[in-house]
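Residue numbers (numbering that gives the first Met the number 0): 0 to 117.
It should be emphasised that the hints constitute simulated quantities derived from the structure, not laboratory data. Be a bit skeptical, because a hint or two may be false.
Under the rule of at most 27 Å between Cα atoms (straight-line distance), these lysine-lysine pairs were calculated in the DSSO-like manner [stated by the list, open to error]:
1. Lys111 / Lys11
2. Lys64 / Lys111
3. Lys51 / Lys103
4. Lys86 / Lys51
5. Lys116 / Lys103
6. Lys64 / Lys11
7. Lys88 / Lys64
8. Lys103 / Lys88
9. Lys116 / Lys88
10. Lys90 / Lys64
11. Lys116 / Lys64
12. Lys90 / Lys116
13. Lys51 / Lys88
14. Lys86 / Lys116
15. Lys103 / Lys90
16. Lys64 / Lys103
17. Lys11 / Lys116
18. Lys103 / Lys86
19. Lys51 / Lys90
20. Lys64 / Lys51
21. Lys51 / Lys111
22. Lys111 / Lys88
23. Lys111 / Lys86
24. Lys116 / Lys51
25. Lys51 / Lys11
26. Lys90 / Lys111
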Amino acid sequence: MASNLELFEQLKNDDISDNDLILSLQSENFRIVSMAMSRLIERNFYDDTIIKRLEELSRLLANNKFVGPWQFGHFAIATLSLLDDEKYKSKFNDIFNELSENDKFLVNNFIKAEAYKL
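Given these sequences and hints, build the entire structure.
Listed below in structure tokens is the structure:
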């Protein structure tokens, strides 16, 4: 896998292969992961490994600040909602229905504000 700097540049310039895009979701650098989620939404790109990783990331609802009032998990949950695939929509609904009212509000607000557009 490319270095974080290389991934950052590839993601920034939208010059990243689909395979590297999937791999970038595994990065420990949340900036890389957030850029990867934005690219997934822009490309409407999904596969079975992505849905599992987004489900893992959706648990980061405390102490994992993304921007403004949102935690990193809110971004992951919103990504599930914004990808045009029934499996993703179903996983979104499963996770969303288990959220607190506050987290539901934050996810909906994240989507409305289009905060995923970095």
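Hint check, failures only: Every hint satisfied by this model.
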